[in-house]
Amino acid sequence: MNTREDEKWQGLLLRSASTFVGETEPPYGFVTSTLTRLRAEQVQVKEIERIGWRALLASIAALAVAAVVTISVNFSDRGSDFEPGMRSVVQMENIQVS
Amino acid sequence: MDEIPDVDDCLRRWKVGDQAAAEELIRYLYPVISRIVRTHLPRRDDEKDLVQEILMKTFSRLHQYKGDAPITHWVSRLALTTCLDRLRAQKIRPEVRRADLTPEESDAFEAAWLTGSSPDAGDAIAARDLVDKILASLSPEDRSLILMVDLEGRSLQEIADTTGWSISKIKMRLFRVRPQLRQLIQKLEERK
Numbered sequence: 002m003n004t005r006e007d008e009k010w011q012g013l014l015l016r017s018a019s020t021f022v023g024e025t026e027p028p029y030g031f032v033t034s035t036l037t038r039l040r041a042e043q044v045q046v047k048e049i050e051r052i053g054w055r056a057l058l059a060s061i062a063a064l065a066v067a068a069v070v071t072i073s074v075n076f077s078d079r080g081s082d083f084e085p086g087m088r089s090v091v092q093m094e095n096i097q098v099s
Numbered sequence: 014m015d016e017i018p019d020v021d022d023c024l025r026r027w028k029v030g031d032q033a034a035a036e037e038l039i040r041y042l043y044p045v046i047s048r049i050v051r052t053h054l055p056r057r058d059d060e061k062d063l064v065q066e067i068l069m070k071t072f073s074r075l076h077q078y079k080g081d082a083p084i085t086h087w088v089s090r091l092a093l094t095t096c097l098d099r100l101r102a103q104k105i106r107p108e109v110r111r112a113d114l115t116p117e118e119s120d121a122f123e124a125a126w127l128t129g130s131s132p133d134a135g136d137a138i139a140a141r142d143l144v145d146k147i148l149a150s151l152s153p154e155d156r157s158l159i160l161m162v163d164l165e166g167r168s169l170q171e172i173a174d175t176t177g178w179s180i181s182k183i184k185m186r187l188f189r190v191r192p193q194l195r196q197l198i199q200k201l202e203e204r205k
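Chains Y and A, in that order, are what the protein sequence lines are. If you're matching positions, the first sequence starts at 2 in my numbering and goes up one per residue. If you're matching positions, the second sequence starts at 14 in my numbering and goes up one per residue.
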């Protein structure tokens, strides 16, 4: 059921209808600026991907180095009477151990 | 651009970096997005920026487009969601009062009875500003729903396709929002 308020509302919409009509053509320069922004974003995405891969590879390399160092220290300290790490101090200070 | 491009072909070419395909898509989708932005957001200066933002979103999510519905439907939904997000971010829901209307808006309110007369550009803008003020009191979803029904004359099914809401949810929202809208108009009448 249409009330007085509904009619008023419809009247307002009718009077303002022309302001709701969208543009059929992009304004001058819009397509060019959008394409430029699009290209810039693509470059940025590729750059982020590249940085991501590099960071991942660097992390893997760092992990591998840490693992090798840990294993080698473990092997070099094996059979020693000293706590791990102490042997190198003893060697450095040239302490005679009987 | 009057000619409808072969969207599938454009998408294929765009994926291999063809900028001409992107341009065709931008020109094809621009009117669709422009209409939605102009309808669902209050009259504003940064409309072009928002249209561009929606186009950027469209291109960054093109891999999600399955092709089971026309691309304009998919883009319309994306545009509407972006508009609703923008309205939600504003959060301000001022209640419209007669005393706050400009003289032009007040005239537009009075002239709204005279449906026979066609308004000039200034009157249309004043009427639009008043429509925006009235709708600002509603939630973003209710605002968009009212405009889809009353301004665009869309069917419930069309609204469901665009918004992703169920038909019963749309009916329920309409049932709730219609009295609110009447009340807002009534308040403007009372405070003459």
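Keep in mind the hints are simulated off the structure, nothing from the lab. C-beta atoms are modelled at their ideal positions from N, C-alpha and C, and glycine is treated no differently. Please note: incorrect hints may appear among the correct ones.
Listed next, the in silico EDC-like pairs over lysine to aspartate or glutamate satisfying Cα-Cα at most 16 angstroms (straight line) [what the hints assert, rightly or not]:
no.: 1; chain 1: A; residue 1: K184; chain 2: A; residue 2: D174
no.: 2; chain 1: A; residue 1: K70; chain 2: Y; residue 2: E42
no.: 3; chain 1: A; residue 1: K146; chain 2: A; residue 2: E108
no.: 4; chain 1: A; residue 1: K200; chain 2: Y; residue 2: E42
no.: 5; chain 1: A; residue 1: K200; chain 2: Y; residue 2: E24
no.: 6; chain 1: A; residue 1: K28; chain 2: Y; residue 2: D7
no.: 7; chain 1: Y; residue 1: K9; chain 2: A; residue 2: D174
no.: 8; chain 1: A; residue 1: K182; chain 2: A; residue 2: E154
no.: 9; chain 1: A; residue 1: K61; chain 2: Y; residue 2: D7
no.: 10; chain 1: A; residue 1: K146; chain 2: A; residue 2: D174
Which chain A residues stay away from chain Y? Per the calculated CB distances, all over 10 angstroms, these [stated by the list, open to error]:
no.: 11; residue: I105
no.: 12; residue: I147
no.: 13; residue: G177
Checking each numbered hint in turn, tell me which of them this model violates, lowest number first. 4, 5, 6, 7, 9, 10, 12
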